[in-house]
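**Q** Since chain U is already given, all that's left is putting chain G on it; use the hints.
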Amino acid sequence: KAGVTQTPRYLIKTRGQQVTLSCSPISGHRSVSWYQQTPGQGLQFLFEYFSETQRNKGNFPGRFSGRQFSNSRSEMNVSTLELGDSALYLCASSFSPTGDLGEQYFGPGTRLTVT
Amino acid sequence: DAKTTQPNSMESNEEEPVHLPCNHSTISGTDYIHWYRQLPSQGPEYVIHGLTSNVNNRMASLAIAEDRKSSTLILHRATLRDAAVYYCILRDPGSARQLTFGSGTQLTVLP
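Chains as they are written, first to last, in our numbering: chain U, 1 to 115; chain G, 1 to 111.
Extracted from the complex, chain U is given alone in its bound form (with noise of 0.2 angstroms):
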């Protein structure tokens, strides 16, 4: 079974620009989880979406958003972008047709640099 998918691996983006990443999950899996991984505040949530829907949503500001598709794909964008938006963003799919104890899968994540 392939893993998960992130594209593109790496982005260089200018402040104020805009970035839109891709995650597509394991087949079969209908939640998608992002993260957020930098050195300073480590591991974040950002939102989670199953069947479409978001479902969970961690404390970002508006400007990070998301959706997912009918074939569980997940995009992830980021509006005016700040030099703090500098991160290893991360993927990760479960099955999770109720409650949240499945394993979630990671992706090897997107390393965005804004300069």
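There may be inaccurate statements among the hints.
Listed next, with one range per pair, are the computed distances between beta-carbon atoms [as the list claims (entries may be wrong)]: (1) U:S79 / G:R77: 46 to 52 angstroms; (2) G:S25 / U:R9: 38 to 44 angstroms; (3) U:A2 / G:R58: 43 to 49 angstroms; (4) U:Q18 / G:N54: 46 to 52 angstroms; (5) G:I74 / U:I12: 25 to 31 angstroms; (6) G:N54 / U:L11: 42 to 48 angstroms; (7) U:R9 / G:M59: 23 to 29 angstroms.
Honestly, the hints are just simulated from the structure, not real lab data.
The C-beta atom is built at its ideal place from N, Cα and C for all residues, glycine as well.
**A** Coordinates of chain G only, in the frame set by chain U:
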């Protein structure tokens, strides 16, 4: 949310057992104890989870104290590939679905 406390770093010799401790004195009765690890330049990877009883899988064992205020992840024979940051995470299936990561323990395995 209940918090976990882990040592910042630990060292182990290759092929020896490693015991990674985690304190969670404010754990609630419904919190499960999960462990994930993150190898260099990779996303986190699920290791094991449990509620009250000790658990074993192909990767590791999880020993949970009787009062559930602490737990220990046991790697039976550390290899160089086990060098990673290990995260102990509490998850309540009735509420938060996300993983709340702390700072974890950086495990160094010495050859």
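**Q** So, for every hint listed, does it hold in this structure?
**A** How the hints compare with the structure:
Distance hint check: the CB atoms of S79 of chain U and R77 of chain G are about 48 angstroms apart, consistent with the given range 46 to 52 angstroms. One distance hint, 38 to 44 angstroms for the beta-carbon pair S25 of chain G and R9 of chain U, holds here, with the actual separation near 40 angstroms. Between A2 of chain U and R58 of chain G the C-beta distance comes to about 21 angstroms, which lies outside the given range of 43 to 49 angstroms. Between Q18 of chain U and N54 of chain G the beta carbon distance is about 48 angstroms. The supplied range of 46 to 52 angstroms therefore holds.
Between I74 of chain G and I12 of chain U the beta carbons are some 42 angstroms apart, a value that contradicts the proposed interval 25 to 31 angstroms. Taking 42 to 48 angstroms as the suggested C-beta distance range, the pair N54 of chain G and L11 of chain U conforms, at roughly 43 angstroms. Judged by the Cβ atoms, the range 23 to 29 angstroms given for R9 of chain U and M59 of chain G holds: they are separated by roughly 26 angstroms.
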